[in-house]
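Student: Based on the sequences and whatever the hints tell you, model everything.
Residue numbers (our numbering), protein chains in the order written: chain Y, 1 to 232; chain Z, 1001 to 1245; chain X, 2001 to 2196.
Worth double-checking, as some hints may not be accurate.
Stated by the list, open to error - Some chain Y residues judged to face chain Z by a derived CB distance under 7 angstroms, without partners named:
#	residue
1	L10
2	V12
3	L170
4	D231
As the list claims (entries may be wrong) - Here chain Y is said to cover these stretches of chain Z; the calculated rule only asks that three of the stretch's residues, wherever they fall, bring their Cβ under 8 angstroms from a Cβ of chain Y:
#	segment
5	1138-1152
6	1164-1178
No wet-lab data here; the hints were simulated from the structure. Every residue, glycine too, gets a C-beta built ideally from N, C-alpha and C.
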Amino acid sequence: MPSDQPLLSLRVVFLRQFLRHGRSIMTSPADVANPLLFFFMVITLFPLGLGPDPTTLAALSPGILWVVALLASLMVSAKLFASDFEDGSLEQLALAPYPLAVTALAEISAQWLATGFLLALLSPLFGVMLGLPDEGLLTLSVSLLLGTVCLTLIGALGSALTVSIRRGGLLLSLLIIPLNVPVLIFGTTAVREAVLGGNPESWLALLGGLALGSLVVAPLAIGAALRVSLDS
Amino acid sequence: MWTFIHKLGSPPWFFGFSGTLVRWLLPVTVTLLLVGAVWGLLVAPPDFRQGNSYRIIYIHVPAAVVALAGYYVMAFAGAVSLIWRIKMADVTMRAAAPVGAVLTAIALVTGAIWGKPTWGAWWVWDARITSMLILLFLYLGVVALFEAYENKTAAARACAVLSLVGMVNIPIIYKSVDWWYSLHQPASIKFTGESAIDSSMLYPLLLMILAFYCLFALTLLLNMRAELLWNHRDSGWLKQLVGDI
Amino acid sequence: MLLEVTQVAIERGDRRLLSDVDLSVSGGEIWQLVGANGVGKTSLLRGLAGVARLGVTGEIRHAGAFLYLGHASALKSSLSPVDNLRWHPASDVTASVGQICEALAAVNLAGYEYRPVGSLSAGQQRRVALARLLLSDAPLWLLDEPFTALDVAGCEWLEGCVRRHVNAGGATVFTSHQPSRFGPLQQDLDLGRYAV
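Tutor: See below:
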């Protein structure tokens, strides 16, 4: 019921949308487990493809882990706004007297907690599997923690732009892969610096800067993109 | 000045204005391209280290420069379209995308042609070439997004949002690729160094860059006119114009 | 006057569907948007609600709050009706569990309050969506194909609901493929007149 004077504070709007989306995610554990399983299985492909030599794998592991994280993020992004679009919730959100940017950010936050955040927490396990030296494991986790914030936000933008297109999943990947390049570069460099005993903090700071920047800029673009998708 | 900008937003007025502009721009572009090409490819002295094979930069560098500038033109047109809802800005953006994409491709191909005799490999992952490649992907993304939408007005809106985000990202992408490259490559080899360029080689290069800017403008205007012809094929003013010819 | 529509045109992409649509809706009125398939009934209703903004030109003025129910039910299929109806994305009002259960009982869904919406039949899901009508206090209802998927009893209930709403001073604008149900009480807006 769109009315002229919004009565609720943005914080309440954010929270209720966050909780609703969170509850929705939790009702299907497959949506949380599948990206992690995907990550796990694709990681396994690399020793199979490159050979089991531990030195090679260890040297390549920061790149492998980050690229696979990026791919997993692409998979997850494709579904972000799809259910809202299909079941009509997006229409109703667009009618609300609250900015779509805020409600979208609430859903993105819930999504990130269920996917990127978990991935970052579990990443040291996969790092060990690929022979990443111990010095790199914490940095791997932190870099993925910050990096997945960017990846989720950029992925959400891709989803918002392609949600009204049939089979828009592949197009989504084409759109956001170039935008993810800086995150990939900063993330892998941070891990490599940590392994070499250098200075990963400056790279992590760059990642943090990207994350903050994305948090400010992306929701606006996502709100605009969602309105375009509703119009088409 | 504002009335001029206002007039640009009207298809019939723009069609007439661009017609005059094209008639003037075409010979200028052709002349500049010919003079620049002859000067650079034939007249300018051979390079101390690379001999004659460096001459491809007279195409490679202008294409690269204008390709990057073209993205900003596209994004700027998109911004105008989003903020002021001017349909002509949509047309500009839609026309700029394929032109920029082709220029980026030309830059990449000529970069490869330069690379083979200079460094022995068709493709080298150095900072500039890699950034160019990502720019190509950004362009192709805009084109693909436009084609994917059935509702073309919504398509233009979506592309405007995407190209604006791309525009904000481009400096970050270029910088990060720069850092990526300098971290990874062995210090002894420098693929693209900022070497001082002799004025006998610089002037033809600048001329070719100007020529390519004119080429971009020319192609953009022609593209826009074609788009307008299609969009307004049923309208009175166009029928009258064609009838007058 | 709850809704004033002046000289509204609806375009999809480069194609104009409707031109110069005028409509004014006051309390106590029922309006049905009538027209052939594809003439633009849903597009117009979405434009009136403000869901679609691109391609909608002209003046649309709302004098108060309204409730829009689209083709899709706007229900999260993994959540229960109670969870879904607690609050409406487009409104500020939170319904209490008691109110929700009353509303669900009125649409003949007592006992289904806590099942996931996805496990209900299409007709039942439609009734959950329509239960929003009982929980809202908006004077104007914009309903897109509200009678779809409803059985005879459901249709009768919805008719009664709309009549009660309108008798209390509200108004309803709806689209439907089915012929007029409200007899002399409703007015038709024939979109064929405005089609381009």
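Student: Against each hint, give a clear statement of whether it holds in the structure.
Tutor: Right, here's what the structure says about each hint:
Interface hint status for L10/Y: violated, as the beta-carbon distance to the closest one in chain Z is roughly 22 angstroms, over 7 angstroms. For V12/Y, the interface hint is violated, the least distance from its beta-carbon to any beta-carbon of chain Z being 28 angstroms, above 7 angstroms. Interface restraint check: L170/Y against chain Z, minimum CB-CB distance 9 angstroms, threshold 7 angstroms, status violated. With a least beta-carbon distance of about 5 angstroms to chain Z, the hint placing D231/Y at the interface is held under the 7 angstroms criterion.
Counting residues of the segment 1138-1152 of chain Z whose CB lies closer than 8 angstroms to any CB of chain Y gives 9, so the stated coverage by that chain holds, three being the minimum. Evaluation of the coverage hint for the segment 1164-1178 of chain Z: fulfilled, as 10 residues show C-beta separations to chain Y shorter than 8 angstroms, against a requirement of three.
Hints 1, 2 and 3, counting from the list given before, are not met by this structure.
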